[in-house]
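2 protein chains.
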Amino acid sequence: MGLEHQGFTIWFTGLSGAGKTTVSRLVEKELRARGCKVEVLDGDVVRENLSKGLGFSKEDRDTNIRRIGFVCELLARNDVVAIAAAISPYRAIRDENRARVGGRFVEVYCSAPIDVLAERDVKGLYRKALRGEIKHFTGVDDPYEPPLNPEVVIASDKETPEESAAKVIAKLEKLGYIK
Amino acid sequence: MGLEHQGFTIWFTGLSGAGKTTVSRLVEKELRARGCKVEVLDGDVVRENLSKGLGFSKEDRDTNIRRIGFVCELLARNDVVAIAAAISPYRAIRDENRARVGGRFVEVYCSAPIDVLAERDVKGLYRKALRGEIKHFTGVDDPYEPPLNPEVVIASDKETPEESAAKVIAKLEKLGYIK
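Protein chains in written order, with my numbering: chain A, 1 to 179; chain B, 1 to 179.
Don't take each hint at face value.
Stated by the list, open to error - Below are the SDA-like pairs computed for lysine to any residue, each with C-alpha atoms no more than 25 Å apart in a straight line:
id, chain 1, residue 1, chain 2, residue 2
1, A, K135, B, G53
2, B, K58, A, G53
3, B, K58, A, K135
Quick caveat, the hints were computed from the structure, so don't treat them as lab data.
Please put together the full structure from these sequences, using the hints given.
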């Protein structure tokens, strides 16, 4: 255990199906292989364990994202790499979390055209949202605010998950957060 | 950093005013002095950061305590000493958290006669509860189920906080969790 603070936060944001979970799991695997302690706070896991009862209004989404930020802070300041993978549609709350964890915050924007995601529609959610069977669906009838200055942009319509993960790892190396 | 898992959970339970926060902070200080990484999840802090909107029904209390257990698990498996300090009145949920974190769980029962706590009444809450101005107040009109086999029992009406903290530290040494 070094004397220096080793933790940081990687924050995946983007629409449903844009690769957040898949790429975050590959990044987790690589970081573990390099000896890092890592926790992935996936949107679905967090909704179950920290935010049951919250819905998808702006207020409830903000609360959910703030809770993930709180847990990332606890982990990162104890030398853990905290990886959040949640739609987190609102820029202000992501930036609030960035400020909260105190600087070692790597925002990964999972970018993909919504028509590609709607066509791929792995979970069948876009079809339901477009039919109006699901309300408050980000990108369909709920807003998504892309990051203005993300540390990494990945494009899941043009890259393999492995290529995207490699971009994240390269950025972490460049920042000096990992060797 | 050793190869062995270093984290564990210390769970303070007991009525309001029974010494949970005070003693947990002394234990935190001593553990930090010994080089441990420590986080205290205090009831009030958790209500603000993880459980805003929850009330004091049995269901809401259970949800709150499960969330603390989830975060303790995340921390403890990453070599952090997670200290929970929350009334946590229901035995079943405390035991659920004990099972969840997988064994390295030290339950500290902060025991004190309710008439002593009501007389001391540091926050003025017992007076309000006894007048009926606060509902669902543990020990007054809401139940408290003491642990059956806590690792440590402290008695804040008979011991100084320093004496209580020393008992916890001695137990951790005896269990081999700290040196």
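Checked hints:
With a C-alpha separation of about 23 Å, the suggested pair K135 of chain A and G53 of chain B falls inside the 25 Å cut-off, and the hint holds. A distance of roughly 15 Å separates the Cα atoms of K58 of chain B and G53 of chain A; the hinted pair therefore holds under the 25 Å criterion. Taken as a hint, the K58 of chain B and K135 of chain A pair is broken in the structure, with Cα atoms around 31 Å apart against an allowance of 25 Å.
The structure shown violates just one earlier hint, number 3.
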